[in-house]
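Which chain is which? The protein sequence lines are A and B, in order. Sequential numbering from 1 applies to the first sequence in the numbering used here. Sequential numbering from 1 applies to the second sequence in the numbering used here.
No wet-lab data here; the hints were simulated from the structure. Treat the numbers as computed from the prediction; the structure is a model and nothing was measured. Mixed in with the good hints there might be a few duds.
Computed list of lysine to aspartate or glutamate pairs in EDC-like fashion (alpha-carbon distance at most 16 Å, straight line) [what the hints assert, rightly or not]:
#, chain 1, residue 1, chain 2, residue 2
1, B, K20, A, D540
2, A, K249, A, E37
3, B, K47, A, E26
4, B, K20, A, E37
Listed below are several chain A residues computed to face chain B (Cβ distance under 7 Å; list not exhaustive) [stated by the list, open to error]:
#, residue
5, E24
6, E26
7, H30
8, A69
Have a look at the derived ranges for each label pair, beta carbon to beta carbon [said to hold, decoys possible]:
#, chain 1, residue 1, chain 2, residue 2, range
9, A, D76, B, G11, 45 to 55 Å
10, B, K51, A, L82, 31 to 41 Å
11, A, E384, B, N60, 51 to 61 Å
12, B, K51, A, E46, 33 to 43 Å
13, B, K51, A, R235, 54 to 64 Å
14, B, F83, A, H383, 50 to 60 Å
15, B, V86, A, A458, 33 to 43 Å
16, B, N60, A, S92, 53 to 63 Å
17, B, R73, A, A45, 52 to 62 Å
Heads up, the beta-carbon is just placed ideally off N, CA and C, and yes, glycines get one too.
Given next are the chains, with one letter for each unit.
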Amino acid sequence: MLDELIRRSLRLFASRERLDREMEEEMRLHRELRAREMQADGVSAEEARYAAQRRFGNTLRLREEIHQAWGWRWIDELRQDLRYGVRMLRKSPVFTLVVVMTLGLGIGATTAVFSVVDRILFRALPYPHADRIVSVGLIQSLETEEFTLGGFFFDWRDNQKPFAAFASQQAGPHACDLIGSNSVQLFCIRMQAGFLPMLGIRPLLGRNFLPEEDQPHGPPVALISYGLWRSRFGRDPNILNHLIDLGGKPVRVVGVLPERFELPTLQPADVFLPFQLEEEEQRNAFPGTPMRTFARLRPGVSIAQARAEMEPLFLSTEQMIPTSIREDFRKDFHLSIRSLRDRETEGVQLASWVLLGAVFAVMLIACANVASLMMTRGAAREHELAVRSALGASRARLIRQSLTEALLLSLTGAGAGMAVAVGLLRIFVALAPTGIPFLGKAHLDSRIAAFTILVSLACGVAFGLLPALEKPRAMMLAVRSIHSSTRAVVRRGLVIAQIAISTVLLSGAALLLRSFVGMENQPLGIQTSGVLSAAVALPDSRFPTGQKKMQFYLNAEVAILQLPGVSAVAWTDSLPPGGWHDGRRFSDFAVAGRPRATAAVGEVVVCRRVTPDFFRALDIPIFRGRNFRDADRNSKQNFAILNRLLATRLFPSANPIGQRIQVGAAKDGPWYTVVGIAENVKNDGLNKPDDPEIYFLRRNIPDDWTNGRAPVAIVDSVLPPQIVAPSVRSRIAQLDPIVPIKIETLNDYVSRLADRPRFETALLGFFAFAGVTLAAIGLYGVVAFTTAQRTTEIGVRMAIGATRIDILRLVLREGLRLAALGGAVGLIAALALTRVLRSLLFQVEPHDPVSFVAVTLLLVLVALAATLIPARAAMGVGPAAALRGE
Amino acid sequence: MLILRVLARSGELHGFEIAKSIEVLSQNILTVEEGSLYPALQRMLIKGWVKAEWGVTAENRRARYYRLTAVGRKQLEQEISRFERVMGAVTRVIQTT
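Isolated chain A, as found in the complex:
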C-alpha cells in the first residue's frame, strides 16, 4: 500500500514539469475566462484581471495543495531538507570533516572486520541446509578432529538412527601426478558414492559416482574440481568421458564439481575418486582404513540427541577393540559430534568474537563522538530552531530536518567508511595468517555493503534524534542560548562511556601485546637463523619403491653437504617449534625390565624421525650420553634420544643411557636403545608448554624412509640463506629435475607460527588506538565546550583575584574527573571481560597487573593531553575581554 503510494508519487514526480505546466495552463485559462466574463459585464480589463485573480485565490498555495494531492509533499520537503542540510554542512567544513572522518573510521573498521568474521561466524556454508551437517567420529588426545575407522564405520552406518545420510571421505588428500604433455602434481582424494549427496552437492557437469563404481575393483572414474577443469582443460564442455592419465593409470572423468565446492575438511583437492572400500574386509580388520565421516541430521534431531543416540553404537565399538588396548581406548577415546561450522572454525571463533566486539566498541565510541559533536552544534543552533518553531515549523518537521542532516552525514560517513574498509581489508589479507580459514577469500560484497549502510543509518538515527528530541522552548528566543544542564549531563555521560569502552579495548590490547612480546622473545631452544628447510615430495610414479626413495634422500644429503658454507644437513619428518609432528601417548612407552606404566592417559609425546646431523643443524645440545653416529645408521639396532622432560619422566632416578624402551601398544614392537638426552626445545607451538619428546634415528633401511610423512631437509650454513637456497634447489634438481621443492628459512617458518597472535594483536591494538584517539577527541570536545561556555565565569574569577593556576586547576579538575570516572568503570569492566581472552594469552594472566598499570598510565596521559589544550586556552582568557563579550 505505502510503497504503491510512493511509487505513484515518484512516477508523477518524474514528469513533474509537464504536470506543473499543464496545471498552470488550466488555471490560467480559468482566470482568463472569468476576466472575460467580467469584462463583458463592463469592468475594465485591468480590474477584471485582478478580480478574477482574487476570486481564484492564492495560486501558489493551490499549487502546493495540488502537489500534496499528488503525494509530493514529502519529496518537496526532503529536497528542502537536503538542500538545507548540504548548505549547513558546507558552512562548517571542520565539523563536517571531523564527523565524516570519525564515522568513516568507525564504519570502515566495522565493515572490514565484519567482512572477515562474517564467513567464520555467520555466513552459510556452501551446502544446502548446512546447519544440519555434522562431523561424526572419535576423538582422542593425539587426534582432536573427529575420525572413524573402517573397523566400525559400516557398523555405525547400518545401525545409526539420527542421521538421514552418513558418508566418509579419505582422511586426507594424497599427492598424485596428472601425466600429460606437461605433468603436474595434484591432490587426489577418495570419497564414498554417498558423500556428495550427503552434502547436497550435485556436479556442475556430468554425474556423481555410481554405487557400482564405489566397489572394490570398480571402473576407474573421477570427478574433477572446477579449478582443474578451468586451468587444465580450458572449461572444455566435452570433458565428460575423457580419459586422464593419473600416475600411469587411465581414469575416466565423469563429472566436474561446482566452482564453490569445498571439502568439509577444507583440504585442497583437485581430483576426486571413489573410495572403493572392501566392506567385509574392513569390518573384520581392526582398526581398518581411517576416514573423516560427515552426516546429515534428520529433521528435528539436535546434535545432543544425535550424540545420545550414537552412544550405544560407540560402546559396542569398544567390544571390537583388542582386549590388550581396550582400557586405553576407554580412557582416551570419546565420541564427538560437532556442527560443520564448529569443525571448520572452532579454533578461531573466540578471536572472531573478540574482534567483532572490539570493532563494535570502536563504532560505539565513534557514534558517541558524533552524537556529542551534534549536540554541541545543536546548542549553537538552539536559537535558529526556536525561530523556526515560532514561525510555525511543527515539532515533527524540525525532528525530520535534524534527522535528514544526521542521515546525510552518516551516509557520507558510510561512503568514507567503505573506502577505509577496502583499504583495511587489503591490509588484513596481506597480514593474513594461514591459520584463519576464509580470510583470503574475504571481500566486500553487497551483504556487507548493506551492513555498512545499516550501521550508519542506525548511527544516524541515534545521534540525529538525541539533539532533535530536545524541545525547542520559546524561552530560547528570549534568552540568548541558555546552558542546558540535561544536555551537559548527557555529554558527560557519553564521554565517560567512551573512556570506559576504550579502557576495556586498551586492556585487551595490552594483554595481547604482552603475551605476543613474551612469545616472540621466549627461548626456542633451537637456532633459527641461517637454517633452511627444504621439503621434497617424491611422487610414487617415479619413485615406486622405498629403496629408490631412500637412495634419493641419501644422495641429496651428500650433495647438499658438499655445497660451500653448508655445515650440517639432516632429514626429519617434522620441525620444531610447532606445526605438524608425529606423536604417541605417554602410556604407550614401556621400559625394558619394568612393568608397563599406567600413567595418566592422554599426555602426548612428540616423535621425530631424524638423521644424526639434526642436533648440530639446530644447535640442540646433547647434555648426557652421545649423539647418533653415522655408524648407527647401518646398525641392526634401533636408537633413540630423549629430551630432558621425557628422560626425567621415564627414568626419575636411574641413568637412562643404555636403557631400552619400547614404543607402541603392541608387545612385539621394536626396542630402542637410548643413547643420549637432549635439551628441551619448544615443540608444541609457540604458546604451549613443552612436551616430552623422543627422537628416533632414521637408519639406512627403506622402512625408515617410507613410513609416515615425507622427509624434510634441514640445512645449516654459515652463508646467508638467500645465497644457499638456490644452490640447494639446483643440487636437488640435478638428482631429479621435476620433483617439487619447497624451501623456507627456519626464521620464516617460526614467524609464520606467530602469524595468528600477531594478527590478533595488531588488530586489537589498532582498534584500541582508534578508540583511545576518538575518546580523547570526545573528552577534548566536552572540556573545550564547557570551558567556552564558562568564559564569563572565568573572567569574573580572574577579575576577583583567581590566578592562572587556579583556572588551570578548575578546568583540569573537570576533565580529569570525567577521565577518572570513565577509567574506573572501564577498568572494572576490563577485569571482568579480559577473562574471555585467557585462551588467546601466553604466559600472561588475564588480570596481569603490568598491563593494567600501563593502561591506567596511558589513560592519565591521554586525559591530561586532551584537557590541557582547552585549559591553556582558558588560562589565556583576559578578564576584561570575557566580561565585555557579555
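Given the structure of chain A, go ahead and fit chain B onto it with the hints provided.
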C-alpha cells in the same frame, strides 16, 4: 459532491465550466475560492472518480475536460444517499421541535 453532480449532469466539462455550473446550480450561494476546485479535481483524478483529457474549447483553446467514471458515479450515488440521510435526520429534528 457538487463537482461530481455537475459532471454527472453535463458529461464533459473543463474547469471553468465546472465552476460556472456550480455557481448556477447553487444559485451563487456557495461561492468558495474558485481555485480550490483544482486541487479537488486532482484528488478525484488520483482516486479515479473522474477522468481527464485534453481537448479544445469552442473558442479553439486547449483545455482539460473532466468526465465522470463508473467509480465516480457510484461514489456520487453513495454521497447523495448519505446526504439525504443526513438531511432527512436534520429535517426530522427541525420538525419535531
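Right, here's what the structure says about each hint:
| no. | hint | verdict |
| --- | --- | --- |
| 1 | K20(B) - D540(A) | violated, 103 Å |
| 2 | K249(A) - E37(A) | violated, 104 Å |
| 3 | K47(B) - E26(A) | violated, 20 Å |
| 4 | K20(B) - E37(A) | holds, 11 Å |
| 5 | E24 | violated, 10 Å |
| 6 | E26 | holds, 5 Å |
| 7 | H30 | holds, 5 Å |
| 8 | A69 | holds, 4 Å |
| 9 | D76(A) - G11(B): 45 to 55 Å | violated, 35 Å |
| 10 | K51(B) - L82(A): 31 to 41 Å | holds, 35 Å |
| 11 | E384(A) - N60(B): 51 to 61 Å | holds, 54 Å |
| 12 | K51(B) - E46(A): 33 to 43 Å | holds, 37 Å |
| 13 | K51(B) - R235(A): 54 to 64 Å | holds, 58 Å |
| 14 | F83(B) - H383(A): 50 to 60 Å | holds, 52 Å |
| 15 | V86(B) - A458(A): 33 to 43 Å | violated, 51 Å |
| 16 | N60(B) - S92(A): 53 to 63 Å | holds, 58 Å |
| 17 | R73(B) - A45(A): 52 to 62 Å | violated, 41 Å |
Violated hints, in rising order: 1, 2, 3, 5, 9, 15 and 17; the structure is consistent with all others.
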